[in-house]
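Just so you know, the protein sequences line up as chains A and B, in that order.
Terminal number for the first sequence in the numbering used here: 436, no gaps in between.
Terminal number for the second sequence in the numbering used here: 668, no gaps in between.
Incorrect hints may appear among the rest.
Below are the DSS-like pairs computed for lysine-lysine, each with C-alpha atoms no more than 25 Å apart in a straight line [to be verified]:
hint, chain 1, residue 1, chain 2, residue 2
1, B, Lys141, B, Lys103
2, A, Lys297, A, Lys336
3, B, Lys630, A, Lys297
4, B, Lys630, A, Lys398
5, B, Lys566, B, Lys616
6, A, Lys309, A, Lys346
7, A, Lys309, B, Lys616
8, A, Lys309, B, Lys657
9, B, Lys661, B, Lys526
10, B, Lys454, B, Lys385
11, B, Lys630, A, Lys415
12, B, Lys657, B, Lys604
13, B, Lys454, B, Lys522
14, B, Lys565, B, Lys661
15, B, Lys415, B, Lys522
16, B, Lys519, A, Lys309
17, B, Lys423, B, Lys519
18, B, Lys526, B, Lys385
19, B, Lys630, B, Lys657
20, B, Lys519, B, Lys450
21, A, Lys309, B, Lys294
22, A, Lys346, A, Lys415
23, A, Lys336, B, Lys630
24, B, Lys526, B, Lys470
Simulated from the structure, these hints should not be mistaken for laboratory data.
Keep in mind the model is a prediction, meaning the values are calculated, not measured.
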Amino acid sequence: MEEQEKSAQNFLTFRLGDEKFAANLDKALNILEMLPITKVPQSPEYMKGVINRRGEIIPIIDIRMKFGMEPIVVSKRTVIIIFRVEIQGETADVGAMVDEPGTVIEVSEADITPPPSIGAKYKSELVKGMLKVDNDFIMLLEIDKVFSLDELVEINQNKETAERGK
Amino acid sequence: MDNFRLKFIEEATDLINALENSLLSLEINNQNSDLINEIFRIMHSLKGGGAMFGFETISEFTHNMENIYDEIRNKKAKITQELLSITLSSVDHLRNLLDDNLASTPEVISNNKILSERLIKEINKTDKSQKFDEKTEPQNEKDSLSEIKKGETYYIFFKPNAEIFANGTNPLFLVDELNSIGKTLIFARTHEIPELDNFDPTRCYTYWEIFLQTESGLNAIEDVFMFVEDDSMTEITKIGDGTFLNDIKFTSMIEELNIADDSHFDAAQIKVFAESLSTVVDKNTNDLSVKDKINKFTKEAVISGIRVASEKIDQYMNLVSELVTTQAAFKLVSEKSGNAELIELAENFEHISNQLRDNVLSMSLIPIENTVVRFKRLVRDLSVEFNKNIIFITEGTETEIDKTLAQALTDPLMHILRNSIDHGIETIEERMKLGKPAQGKIIFKAYYSGSRVFIEVEDDGQGIDTDKVRKKAIEKGFIDSATQLTEKEALNIIFLPGFSTADKVTDISGRGVGMDVLKRKIADIRGEIEISSPRGKGTKIIIKLPLTLSILEGLLVIINDTPYIIPLSSIYRIVEQKIDDLKKSYNNIVAINGIQYPFYLLREELEMPGDYPEEVQFIIVKYEHTHIGLVFDKIEGEYQVVLKPLGKMYRNHEIISGASILGNGTIALILDTNKVIDKFSNKAFV
């Protein structure tokens, strides 16, 4: 994809807290109004539970918590963006709760800069780069990594180790 | 064309499995002519199919096998142990040949050479030892055909259906095959080919009339057309005994007739003419027997089943699952409406969808027999290898299980059998010393128990030495030396990751896959594994499996607005309790009707917010050999739910085995009660 469209790419923007983020548009499947979420016990707090999307069960993540922000508080503007991501080499549909959906923007290659390496507020591996839009900077997320399993696996392992006294 | 190759691979795999099964039966009952015929028939189908679909190596290879069994069939050769061993190795080899990736490897190619040579040696053996019949050269030697003195002459009318190409069949191959079993005179009839405007290149317009002079008999000719019976019009008429095609009078007569009418020969007329040439008088009886055979041949072709891609069954299953969900919603709505007509409709709807569900379930079930054939072979081969005398007894192999389950079971069961043969059953000498019968026994049993399938593998070997297990466990730091273990607990240690009684590891059992992997694999398909091993008497492993993985009868229960499903099969009793009484109880044990039940307050264990209502539901579930209470807020009722995975993000979740969408669209989580109790009981070895 990136090679084909060297000149410009499309991104979907959204708001988390007071900050704007963006993700590659081709990763996003759709945007849903808030739906009732069934909480799954014994899972990390940022995993909000599961929803029913037309008969399919989709896990929902509070990505604010992934970035170390306060847990999301559902408001009228809160939506769920469904992303199709790669988790350990397999595709999966995952929903992210965001404070507000944004728009689709087109950014030329020249206006995408690598993430700042020093003084980064967020885990640098989750940020793919910065989009320069009207003298404003939007953080471009590495969406596969945001949903990657690693953290969950880690948590489960810790629990197990603690319990089994291995 | 690839599609047809795939189809052939599928069919050939079935044929090879059937062949293996028949060979193993033949080993026990080596005089059974039905079996020999069956074996010959399968080989022939393989050969024919192989040639037709471009698996030349398979075709050539099977040809040699077929020759041997043809001799056996005709009582010109005997079945020996050696021959069976070669044939069984050949069966394995055929499997390799089917796999495109394997077929071209040097090992397989050299195997092909070695085995072919051995097979040919076997054929020669039979030739030498049985000289009473002046059997001629192998059938594929075309060059020497003119020398054939004996034989029969047939007239064959072969008109393929116009659509025959769609099956991937090239009729010319069939004509060619006829050519290979004797001398032929072939007339291709092309006058039905239409004008170019109406010509459809995907259709076949040609038909053939063939005179064949052969020693192979009518069966061989019929076999050529085996695959196209339904796709063609085939008429085989015996002209008479004798090699008429070598007779110039006969051939020139046919040429004359051909010039007179180039669309159709009159078989009867030719027959009369042939008779005048022939010295053979016994015409009528021959004629009859030929006709009989043709009738029989077409009768066998009645189709008793069809082959459906398993993907299609899965899709069907999914659709029915959705239907069951929708039906549940419909029922809910109709009951709410209070409309009697609607309720009645909903009941009918439920009835039909239940039937439909059972129907699709039965479709995806296969008898466990299919899996067991491989085990028979494994036991046979390993017994030979370890120089042990073992009889493998199977019971209840007609028991049906979900095909996905059957697949998932193969490896674990193989592993169990290997263990039994390698570690369990003693050598012949040891058994004699112990006063056991020299022949060891492995019993494989499958049967239904309630809504589950049980599979038992039992051997009469030395059993598992729990003292040794205990010692090892202490060495490895799983337990300390002060720990008291019951026999059962000690046995269960072998299921722990990283535990292996290493001094016993051999090439066969110790392939790095331990019993822990076994247990996990069984757990993956919602099964349980149990082991018992009275020392010195043997080991018995029981695997308990659900019938299907996709639909579950469950009880819908609620904690703090979150709906959970508990499989009905795991529920023992339900009683109402006062939460205060439960909270006051000592050590989470409560007496109900004089029986003490340990229990878990799930709201607290699952760290759910809020408090229990005053009256709570105390659901007593089965756990191992005891009963344990789980406490919920309330019960919604019995539901039939469709299982869905929770998705990859929750792959490592222990106590929730899946989810299901309820009639009203909300999601209920399926609670694996065994895992829940495992988790909260803090038991080290379960």
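Verification of the hints:
Taking the CA atoms of Lys141/B and Lys103/B, the gap is about 40 Å. The hint is violated against a cut of 25 Å. Only pairs whose Cα atoms come within 25 Å are accepted, and Lys297/A paired with Lys336/A is accepted, the gap being roughly 18 Å. A distance of roughly 17 Å separates the Cα atoms of Lys630/B and Lys297/A; the hinted pair therefore holds under the 25 Å criterion. Using a Cα cut-off of 25 Å, the hinted pair Lys630/B and Lys398/A holds, with the two alpha carbons roughly 24 Å apart.
With a C-alpha separation of about 20 Å, the suggested pairing of Lys566/B with Lys616/B holds against the 25 Å cut-off. For the suggested pair Lys309/A and Lys346/A, the alpha carbons sit about 20 Å apart, so the restraint of at most 25 Å is met. Taken as a hint, the Lys309/A and Lys616/B pair is honoured in the structure, with Cα atoms around 18 Å apart against an allowance of 25 Å. For the given pair, Lys309/A sits about 19 Å from Lys657/B by alpha-carbon distance, which is consistent with the 25 Å threshold.
Between Lys661/B and Lys526/B the alpha-carbon distance is near 21 Å, which keeps this suggested pair within the 25 Å criterion. Using a Cα cut-off of 25 Å, the hinted pair Lys454/B and Lys385/B is violated, with the two alpha carbons roughly 38 Å apart. Pair hint Lys630/B plus Lys415/A holds up; C-alpha atoms about 14 Å apart against a cutoff of 25 Å. Annotation: proposed proximity of Lys657/B to Lys604/B holds, straight-line Cα distance about 12 Å (limit 25 Å).
For the proposed pair Lys454/B and Lys522/B, the alpha carbon gap of about 21 Å is at most 25 Å, so the pair holds. For the suggested pair Lys565/B and Lys661/B, the alpha carbons sit about 20 Å apart, so the restraint of at most 25 Å is met. Between Lys415/B and Lys522/B the CA atoms are separated by roughly 23 Å; this keeps the pair inside 25 Å, and the hint holds. The hinted pair formed by Lys519/B and Lys309/A fails the criterion: a straight-line CA distance of about 50 Å is larger than 25 Å.
Taken as a hint, the Lys423/B and Lys519/B pair is honoured in the structure, with Cα atoms around 11 Å apart against an allowance of 25 Å. Between Lys526/B and Lys385/B, the direct Cα distance comes to roughly 16 Å. Compliance with the 25 Å bound is thereby established for this hinted pair. For the suggested pair Lys630/B and Lys657/B, the alpha carbons sit about 19 Å apart, so the restraint of at most 25 Å is met. Annotation: proposed proximity of Lys519/B to Lys450/B holds, straight-line Cα distance about 16 Å (limit 25 Å).
Our distance criterion of 25 Å between C-alpha atoms is broken by Lys309/A and Lys294/B, whose separation comes to about 34 Å. With a C-alpha separation of about 28 Å, the suggested pair Lys346/A and Lys415/A falls outside the 25 Å cut-off, and the hint is violated. Distance hint between Lys336/A and Lys630/B is fulfilled; the C-alpha atoms sit about 18 Å from each other, no more than 25 Å. With a C-alpha separation of about 17 Å, the suggested pair Lys526/B and Lys470/B falls inside the 25 Å cut-off, and the hint holds.
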